[in-house]
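Given next are the chains, with one letter for each unit.
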Amino acid sequence: DTAVSQTPKYLVTQMGNDKSIKCEQNLGHDTMYWYKQDSKKFLKIMFSYNNKELIINETVPNRFSPKSPDKAHLNLHINSLELGDSAVYFCASSPRGGLSYEQYFGPGTRLTVT
Amino acid sequence: RKEVEQDPGPFNVPEGATVAFNCTYSNSASQSFFWYRQDCRKEPKLLMSVYSSGNEDGRFTAQLNRASQYISLLIRDSKLSDSATYLCVVNTNFGNEKLTFGTGTRLTIIP
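These protein sequences, in sequence, are chains Z and P.
Under the working numbering, residues 1 to 114 are what the first sequence spells out, in order.
Under the working numbering, residues 1001 to 1111 are what the second sequence spells out, in order.
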């Protein structure tokens, strides 16, 4: 029944490691997003994909690489993790078009880099 | 100037009171406006969209003032369950579906 799901929910890892976060939505939406929410609770967009095509790529280190195997999935791979990458990462999806642009968020992945 | 600016609070309000938040945005070309709600350690969820004519949903009223570039949220007869962080959200890149979030206003309703 979960609309937007993310795995894992918690991720604790050491500096320098490579990790991936997976996201899936069963809403039939065309557009998916990755957001980062830092310790000050500021939520900032990182990437957006529409139908597997990258449409938004904010100023994010190239250690972060999103991958969309199909329009229901958007994964985030992070290389060479740094302390500053510690944050909550939210995946979201929205229907293409329409006036509402409502985005549905997943439960978040709390990443801690030690 | 930040694209979307909110008073972070916290606002501590007694149950039953009326509370109002404002939010300002810098891009006059912005087209879509929303209030999202985020509970502690949870994901943001849409509370309501904000329309030019203003709109109401139960105890919640949202207003948009394009001339002054601000939106507001009014909560009447506040409940304990209204305690949350309220995020002002603006579509700052119309057509590209990019939402810019404010840092949020934290509200605590006191019994």
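For the record, the hints were derived by calculation from the structure and aren't laboratory data.
Just so it is clear, CB atoms sit at the ideal spot from N, CA and C, and this is done for glycine as well.
There may be inaccurate statements among the hints.
As the list claims (entries may be wrong) - Per the computed footprint, the stretches of chain P lying under chain Z, defined by three or more beta-carbons under 8 Å from a beta-carbon of chain Z, are:
no.: 1; stretch: 1072–1083
no.: 2; stretch: 1098–1109
Unchecked claim - With a Cα cut of at most 30 Å, we get these calculated DSS-like pairs of lysine-lysine:
no.: 3; chain 1: P; residue 1: Lys1098; chain 2: Z; residue 2: Lys41
no.: 4; chain 1: P; residue 1: Lys1079; chain 2: Z; residue 2: Lys52
no.: 5; chain 1: P; residue 1: Lys1002; chain 2: P; residue 2: Lys1042
no.: 6; chain 1: P; residue 1: Lys1079; chain 2: Z; residue 2: Lys71
no.: 7; chain 1: P; residue 1: Lys1079; chain 2: Z; residue 2: Lys67
To be verified - Label-pair ranges, simulated between beta-carbon atoms:
no.: 8; chain 1: P; residue 1: Ile1110; chain 2: Z; residue 2: Pro61; range: 37 to 45 Å
no.: 9; chain 1: P; residue 1: Arg1059; chain 2: Z; residue 2: Gly28; range: 46 to 54 Å
no.: 10; chain 1: Z; residue 1: Ala3; chain 2: P; residue 2: Gly1054; range: 43 to 51 Å
Cross-check of the supplied hints:
1. 1072–1083: n = 0 at 8 Å, threshold three: violated.
2. 1098–1109: holds (count 6)
3. P:Lys1098 - Z:Lys41: holds, 19 Å
4. P:Lys1079 - Z:Lys52: violated, 42 Å
5. P:Lys1002 - P:Lys1042: holds, 25 Å
6. P:Lys1079 - Z:Lys71: violated, 39 Å
7. P:Lys1079 - Z:Lys67: violated, 42 Å
8. P:Ile1110 - Z:Pro61: 37 to 45 Å: At 42 Å between Cβs, range holds.
9. P:Arg1059 - Z:Gly28: 46 to 54 Å: Given range 46 to 54 Å: violated, Cβ gap about 32 Å.
10. Z:Ala3 - P:Gly1054: 43 to 51 Å: Given a distance of about 29 Å, which is not inside 43 to 51 Å, the answer is violated.
The earlier numbered hints that this structure contradicts are 1, 4, 6, 7, 9, 10.
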